[in-house]
Amino acid sequence: MNRQKRSVSQNDNPFQVLTEELIFLILDFLETAPLDKKSFSLTCKAFYAAEARHRRVLRPLRAEHLPALAARYPSVTDLDLSLCPRVGDGALALVAGAYAETLQRLDLSRSRWFTGSGLLSLGARCGSLVELDLSNATELRDAGVAAVARARNLRKLWLARCKLVTDMGIGCIAVGCRKLRLLCLKWCVGIGDLGVDLVAIKCKELTSLDLSYLPITEKCLPSIFKLQHLEDLVLEGCFGIDDDSLDVDLLKQRCKALKKLDISGCQNISRTGLSKLTKISGGLEKLILADGSPVTLGLVDGLNKLSMLQSIVLDGCPVTSEGLRAIGSLSISIRELSLSKCLGVTDEALSFLVSKHKDLRKLDITCCRKITDVSIASIANSCAGLTSLKMESCTLVPQEAFSLIGQKCHFLEELDLTDNEIDDEGLMSISSCSRLSSLKIGICLNITDRGLTYVGMFCSKLKELDLYRSTGVTDLGISAIACGCLGLEIINTSYCTSISDRALISLSKCSNLMTLEIRGCILVTSIGLAAIAMNCRQLSRLDIKKCYNIDDSGMIPLAHFSQNLRQINLSYSSVSDVGLLSLANISCLQSFTMLHLQGLVPGGLAAALLACGGLTKVKLHLSLRSLLPELLIRHVEARGCVFEWRDKEFQAELDPQCWKLQLEDVM
Amino acid sequence: MDPKGGLCANNCRRSSSLTAPGNGLQTNLSSDPPSFYGIGIESHFNEFDPPSPPIQSVLPGQSDTDIEIPDQENCPLSDSSNTSKLQDWNPSAMLNNLSFLEEKIHQLRDLVHLIVNKKCQPIGQPHELVTQEQQLITADLTSIIVQLISTAGSLLPSVRHTLTNTNPLVSQIDQLHGINLPFGPEPSSGIRPQNNSANKLFDKSTQNDLPNTCEMEQNYNMEEHEPKDEEDVDEGENLPPGSYEILQLEKEEILAPHTHFCTICGKGFKRDANLRMHMRGHGDEYKTPAALAKPHKETGSEPKLIKRYSCPYSGCKRNKDHKKFQPLKTILCVKNHYKRTHCDKSYTCSRCNTKKFSVMADLKTHEKHCGKDKWLCSCGTTFSRKDKLFGHIALFQGHTPAIPLDDTKGVTELPDPQNREISNKVGSVNFCFGSKPSSENLVPNMMDMKGNIDDPMNYFSSLNFEGCNFGAFNEFPQTPFEDAEGSFSFLMSGSFKFGGGESSSGNLQ
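Chains A and B, in that order, give the protein sequences. Using the UniProt record's numbering, you'd call the opening residue of the first sequence number 1 and step up by one each time. Using the UniProt record's numbering, you'd call the opening residue of the second sequence number 1 and step up by one each time.
Be aware that a few hints might be false.
[As the list claims (entries may be wrong)] Going by beta-carbon spacing under 8 Å, a handful of chain B positions derived as facing chain A:
| id | residue |
| --- | --- |
| 1 | Asn97 |
| 2 | Phe383 |
| 3 | Lys386 |
| 4 | Asp387 |
| 5 | Ala394 |
| 6 | Thr400 |
| 7 | Pro401 |
| 8 | Ile403 |
[To be verified] Derived lysine to aspartate or glutamate pairs resembling EDC-like cross-links, with alpha carbons at most 16 Å apart:
| id | chain 1 | residue 1 | chain 2 | residue 2 |
| --- | --- | --- | --- | --- |
| 9 | A | Lys408 | A | Glu392 |
| 10 | A | Lys219 | B | Glu252 |
| 11 | B | Lys386 | A | Asp193 |
Since the hints were made in silico from the structure, they are not lab data. By construction, the Cβ of each residue, glycine as well, lies at the ideal position given by its N, Cα and C atoms.
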């Protein structure tokens, strides 16, 4: 008996010799592989316990599991509740009680139903809390925020879209959380000058401040610009700030640390205001002027003083040739330039600009519809170091120009050629960019499998491929991609009507696949989907809208294997309530869209809604609303799900060419 | 305050217009004054409410002090002065008056002659001119009649207070002679109504006083402001050191409730006038008019150093030893400063039971607004304005905005209606308070009538009266057109101004 016991204890756990520190070290290496970690913890009780003690980051699927989780994982520092739509005060109190000593980061940005009293227990007990995300707490009032202010050590606080918070609440934060480094008040429309002013006066260590869309005026700016450590200031859409308000008093300040300034959408700040701002902040590295005043010579003159400037974003601004040329003449060397949707970008000005800024790394010329191969040639010739080029809808650029990009810009990692004239030759040339990880060639009607084969052969690092409505692509092209780019994570082959199950079967080799969009691939059946489901375990987003041939038999393997599926669009498919009910097996499932699902009966839908406990968003046809019991809808809503009732007409699929023609008509 | 001023101005205009048409003079006078006094008294009550002694106990030397003494406090003074007056009655003065009357009657006759002549003149004269002249004459006539009646009244021993009405005249004459009399126009506001109600004979003269009460009101307003922001006011003052004399009262002096002490028995008084009254009890030598008269203000004949005051609290910025010494302007400033800064706050607001004040006037001011403050700091301080709260929080470490515990909209909004109710109550209370005298106009008058039996003279010493030159009366009718706004404006200004104003408007036509 005794001997037996000893032998058991000796043989029980060969890893007994390993100290916990060593096991933790091993587990540290598994941090990026959650599945491996899971396998580790399932090995034996000791490992299970060790892993539980080791775990620092927790992202529970359901708030109701929190008591068990808190009991199992004693030393969690980061708690992400963004998958739990309903987190009540009780849950928060439990968290506060269980992790009073350890909790450092808490994300409540997607959760609702907690109030001030829940936050009070957090603020009062979790003394080491340094990061708190309360974004989207649209019901949160001053009292709740005042409770947060009791967490004295907060370094980062997000309050985006907390619309009911007023100056009083943020005043409490300013006084209570003096160590704040980051504060996001985006869309907190109840907060005005007084609150922001107080924050700037009290929280001297702020490095990042987001005041987007606040009704603030110049009155709070002096104290903001006095913040010595402020690096990132976002004033997007602050209409109350204008040129006149940026007056002399303000100019006495020196905001040395400021690196990033975002005044996009501030329509009342023109060149004079900008030059004043740039005078204050000489160390600026990134300047975002999107949707602002016209980019003219005068405006650009104001940028001359910024010796550190690396990045300019001018998205949506009207641009003059003089303005662009002036940017070209700046003494500094720009590394990132975004001219997306800028009206008035011409070949001549853009060529001059890129010829001066040869160090350009990122260039965005989306929808600059006037540019031609002249611009592309100068970009390719001047900026050999380009890593990112976005040129969606540059429709005047001819097919030949794309070869040049492939020949010159070998360092490209991100390339967006959506809605362009690129053909297989172009793709062949581009395939020489071996670092390419994201390639968007949607609505490129000139490309075929041949071009894609080159990409598949040479761009082995590709992670994202967009072939939306590139109708020349068939199974062969997709197979080539699947063979060459095993690290593929996101692929969109929507409306590539020639694609069939064979493409999906070949894609199932890409085990990292997370997002699959095959809208309108009418040939795809449940067999192809089953292959994906079985092999791509990471799949989290699936869009099979208008895949008329996918039915319940596709859902069953999906429900069984794709345990990470979060979002699914089943509209127009042949899935019925049987398939839907089986989806309830996926505990992660948060969002589904089901419009014009022929086989759906209200009873089945009701059962599915009840069965999927983690739903946060359901898009259904309006006609179903009256068929579902009101109590059920309310119950599901109370669990944290939001219903979106749509009244869309049943749309028959258009011919791709016809679609493109229609698109051009609209333009 | 301002609306009141406006009100007074209106009354001014109204009263002068009353006298305007020569024909309706008598009727108007008798009918309208009560309402006017009603208003005058009302504003009086509001602004010089007895329960704010700090403001009222202004420097004894200043004429302002007297202004702010409410009626009740004047009464004993006037009574006593009356008795003394009675003793001083002499036949020679009567003779003087009679000769004056005679002269006046002559003048009157001349004037009527003039009118008769004018009437006889050809009709070809422009109509405007005629009316204009008519008005001028009427004005003259009015003033002469006024003087006539007032002097005649003084002849009757039973109606001694007639002297009151002539006194202002006398004072003006005296001022003309360069003697700066200590009394101002002020007391009329308190006293005149009594005369008015007591004796219809003097309706006219009191009516003429009306504009003065108005002016007075404005004076009051100014003085009301001064003590309040006294500390701010002299911030801007940049007197070079040495250009003024620094006085420093001791703490006991500052805090003493009485500032005037009887040298014989040691009894203290808030006002010098009351002390003087008290002194009469100590012997006949204190009963002489000279002793009872107000000590004359030093006239600016010899260059006098400006007086400034220092706070006795060492280390205070208002202390003369402080590096950045900022002197205080008046004794009142010293008192208020000392109480506010270095004393306990003993007056607690009865509404909120939290706010405390050391100066009664501050409490009164607070109580007006108490309950309206809804911006609350964690330290308990409330603010009526959000920006003030945030300024406060920005200034002090550890203070934080206080949010009502139940932070639902309904609950936070709830206090508002209450506040409104309270403020409404306050408003209504004020209104009642203010409107009482005007609505029950007779009440104060009745009370005054009692006092009239042995009437006032209260603000005027017999000495001054005796010293006056009746001959100066002769010049009265002539002066108004030359100097309507001058020192004569006191008694007759209403009619005079009217005369001038009318004539100018007549010219315009």
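Verification of the hints:
{"no.": "1", "hint": "Asn97", "verdict": "violated (72 Å)"}
{"no.": "2", "hint": "Phe383", "verdict": "violated (12 Å)"}
{"no.": "3", "hint": "Lys386", "verdict": "holds (6 Å)"}
{"no.": "4", "hint": "Asp387", "verdict": "holds (6 Å)"}
{"no.": "5", "hint": "Ala394", "verdict": "holds (5 Å)"}
{"no.": "6", "hint": "Thr400", "verdict": "holds (4 Å)"}
{"no.": "7", "hint": "Pro401", "verdict": "holds (4 Å)"}
{"no.": "8", "hint": "Ile403", "verdict": "holds (5 Å)"}
{"no.": "9", "hint": "A:Lys408 <-> A:Glu392", "verdict": "violated (19 Å)"}
{"no.": "10", "hint": "A:Lys219 <-> B:Glu252", "verdict": "violated (47 Å)"}
{"no.": "11", "hint": "B:Lys386 <-> A:Asp193", "verdict": "holds (11 Å)"}
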